[in-house]
Every structure is written in structure tokens, then in C-alpha cells.
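Between the sequences and the hints, there should be enough to build the whole structure, so can you do that?
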Amino acid sequence: AQSVTQLDSHVSVSEGTPVLLRCNYSSSYSPSLFWYVQHPNKGLQLLLKYTSAATLVKGINGFEAEFKKSETSFHLTKPSAHMSDAAEYFCVVREPFLGYGQNFVFGPGTRLSVLP
Amino acid sequence: EPEVTQTPSHQVTQMGQEVILRCVPISNHLYFYWYRQILGQKVEFLVSFYNNEISEKSEIFDDQFSVERPDGSNFTLKIRSTKLEDSAMYFCASSDEGGSNQPQHFGDGTRLSIL
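Taken in order, these protein sequences are the chains called A and B. Residue 117 is where the first sequence ends in my numbering, and the numbering goes up by one at each step. Residue 111 is where the second sequence ends in my numbering, and the numbering goes up by one at each step.
None of these hints come from the bench; they were simulated from the model. None of these values were measured; they are calculated from a predicted model. Check each hint, because a few of them may be wrong.
Within a straight-line C-alpha distance of at most 25 Å, the following computed DMTMM-like cross-link-like pairs (lysine to aspartate or glutamate) qualify [claimed, not checked]:
#1 A:Lys50 x B:Glu40
#2 A:Lys43 x B:Asp82
#3 A:Lys50 x B:Glu52
#4 B:Lys38 x A:Glu72
#5 B:Lys38 x A:Glu89
#6 A:Lys50 x B:Glu(-1)
#7 A:Lys43 x B:Glu(-1)
#8 B:Lys38 x A:Glu65
#9 A:Lys50 x B:Glu93
#10 B:Lys38 x A:Glu67
#11 A:Lys43 x B:Glu40
#12 A:Lys59 x A:Asp9
#13 B:Lys38 x A:Asp86
#14 A:Lys43 x B:Asp92
#15 B:Lys38 x A:Asp9
#16 A:Lys50 x B:Asp92
#17 B:Lys38 x A:Glu96
#18 B:Lys53 x A:Glu96
#19 B:Lys79 x B:Asp58
#20 A:Lys59 x B:Glu93
#21 A:Lys59 x B:Asp92
#22 A:Lys43 x B:Glu81
#23 A:Lys59 x B:Glu(-1)
Here you go:
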């Protein structure tokens, strides 16, 4: 069975500085991995996904993530934080099951604060 | 860009009452999902639905819960005999394919408050 760990429940950065949100996963299969962002009182928006193509994945709003199989990690980065990046970020793993249902397993989330 | 829409945004219900949460998935999507997020906790999978039947459900999704696609556009979650611990944010999602590499598109959620 798969699981996801997000090591930091809260990350605080200054505007214009780099962002690193950490994600580690465990999976019995070759998983697909996703990052979602949740702004206050909003739904979950897909930032990017990894699906066994390129290990460095570029997403929206300048975010990218690198899949490292040897480290079972999928950390999310951004070179320069913007105030609008303040939100909750979820790392998600999904592996195929035998049935139709292929549900997502969410990490606990990391709250990103961006200071002026 | 097409969106998943959920109504109502906030539902307040007395304990013991039945509640129906409504979702309109993206129109050409075939796979539908419900998740819940209790305040301060993880987003948890409830159920997936394909071809007019449940394809997978979690331990949370017991006999108190049911899902239905009553017409070609709506996807509903019914909770019978609501309990205080059912208070949570409920998210609907849809995807156009069921493969593990397909992202799910989420609605903004319905906040359910049980009094």
C-alpha cells in the first residue's frame, strides 16, 4: 500500500526567496505523483504531475518537482516565492489497483506562508 | 477551463437528519470521486464511481453513505442519519480516464456542519 509523508507541516519564506516543500512516498509499484494547492476556502488545484516520463516536472505558476526514485522523494520547488503562493500544498501518490478504483492518497499537507 | 462545481458551499444540518451533497463533474469525464477533509486532518478518499456503479470505497464509506448519478450531469453523495463527526469539507472530483497517471479535477468543496 502507498503512503505519503510531508515532513514540514508549515514552511515560512520571504517573498522573492526560494521555496522547498518536501514529500516522500512509499509504494509497492511505480506510482504516479501529484502536487495540489489549496487556497483558503477554495478547492484543490493541480500544480503538476509525474507519470514516469521526465523526472523533472514543470507545473503552473513557476513550480517544479523532481522525482528521485532512489530517495523516494518528490519535492516541490520554486525559485522565487510570491505572496500569492501562500496556501496549503498536498503531495499525492496514486498507484494502480486491480480494480477500477484508483484513488489518491494525500499527504498531510504543508502550509506555506510568504512574508513581505 | 471546465470546472467541477459543488453545491451548496456550506450546509448546516441537525444531527440525525439526511443530507445530500451535489456535484456537477466536468462534462466529458467518466470517473467520479468523493473525498472528505475533517478540520485539521488529511484529505481522505471516500468512494470512486464509474459506469453507474461504485468501483472502490474506503472503510469510511459505510452503509450511512450512498452515491448516485441521477441524471447525465449530477453526482450526489447522500449521508443518512448524520452524526457530529460527519462535520467536514467534502470534495467531489472527476477525471476523464481511470488510469493512475490521470489527474483528478476537484471542486471547491461543501462544508458540512452537523449541529
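Hints that the structure is at odds with (numbers, increasing): none
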